[in-house]
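2 protein chains.
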Amino acid sequence: MKFKAEIDVMPQDALLDPQGKAVANGLKNIGLSAVENVRVGKHVTLLIDAADKTAAEAIADEACRKLLANPVMEAYRFTLVEQA
Amino acid sequence: MKFKAEIDVMPQDALLDPQGKAVANGLKNIGLSAVENVRVGKHVTLLIDAADKTAAEAIADEACRKLLANPVMEAYRFTLVEQA
Chain G
0 MKFKAEIDVM PQDALLDPQG KAVANGLKNI GLSAVENVRV GKHVTLLIDA
50 ADKTAAEAIA DEACRKLLAN PVMEAYRFTL VEQA
Chain E
0 MKFKAEIDVM PQDALLDPQG KAVANGLKNI GLSAVENVRV GKHVTLLIDA
50 ADKTAAEAIA DEACRKLLAN PVMEAYRFTL VEQA
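Sequence order for the protein chains is G and E. If you read the first sequence in numbering that gives the first Met the number 0, its first letter stands for residue 0, the second for the next number, and so on. If you read the second sequence in numbering that gives the first Met the number 0, its first letter stands for residue 0, the second for the next number, and so on.
Bear in mind the hints are in silico, worked out from the structure with no lab data behind them. These numbers come from a predicted model, not from an experiment. Some clues are possibly wrong.
Note that the list lumps identical chains together, so a pair holds whenever it fits in one copy or between two copies.
Straight-line alpha carbon distances no greater than 25 Å define the calculated DSS-like cross-link-like pairs of lysine-lysine that follow [what the hints assert, rightly or not]:
hint	residue 1	residue 2
1	K65	K1
2	K3	K20
3	K20	K1
4	K27	K3
5	K65	K52
6	K1	K27
7	K41	K3
8	K3	K52
9	K52	K1
10	K65	K27
11	K65	K20
12	K65	K3
13	K41	K1
14	K27	K52
Generate coordinates for the entire structure from the input sequences, incorporating the hints supplied.
Okay, structure coming up:
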């Protein structure tokens with residue numbers, strides 16, 4: 000079965016996020032001052048070929064831990080949807 | 000009211016995504032060969048202060064169009080959740 004994984008990798012809440020700060024300033028400069036608390040991370044989508052959802056979850060988790068996220072600075076989460 | 004926006008900005012489907020290609024190769028190199036079709040984009044979260052959900056949607060859409068996404072190369076989508 001194929002599963003589509005939607006992965007978000009975001010800077011840890013405890014850390015400053017200079018890119019988010021820059022976006023917040025940019026939004027203020029174009030007149031959108033109702034926006035605050037901007038954080039910028041990565042969004043990764045991928046297709047996983049696995050026997051069942053548990054196996055696909057294990058693969059997605061390993062991909063996040065070993066390649067996509069730096070656990071010192073980033074937190075990740077993902078959702079899996081079976082493809083038709 | 001405050002709304003939390005979760006925004007995904009992804010490369011257009013019609014375009015090659017070299018960063019996704021690099022991640023796919025990296026995953027194969029660490030033994031995760033069941034993964035394909037990797038695409039890498041941005042995930043942005045922000046808090047919007049607005050009178051109602053329609054107003055918050057308008058602000059989020061403007062932020063995407065004017066600052067966060069380059070419409071030539073990227074597509075965006077977002078969800079809004081009211082904060083307690």
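Against the structure, the hints:
no. : hint      : verdict
1   : K65 x K1  : within (21 Å within a copy, 36 Å between copies)
2   : K3 x K20  : between (31 Å within a copy, 16 Å between copies)
3   : K20 x K1  : between (38 Å within a copy, 19 Å between copies)
4   : K27 x K3  : between (36 Å within a copy, 17 Å between copies)
5   : K65 x K52 : within (20 Å within a copy, 39 Å between copies)
6   : K1 x K27  : between (42 Å within a copy, 17 Å between copies)
7   : K41 x K3  : both (16 Å within a copy, 17 Å between copies)
8   : K3 x K52  : within (10 Å within a copy, 29 Å between copies)
9   : K52 x K1  : within (9 Å within a copy, 35 Å between copies)
10  : K65 x K27 : between (37 Å within a copy, 12 Å between copies)
11  : K65 x K20 : between (28 Å within a copy, 17 Å between copies)
12  : K65 x K3  : within (19 Å within a copy, 29 Å between copies)
13  : K41 x K1  : both (22 Å within a copy, 24 Å between copies)
14  : K27 x K52 : between (43 Å within a copy, 20 Å between copies)
Checked against the numbered hints given earlier, this structure breaks none of them.
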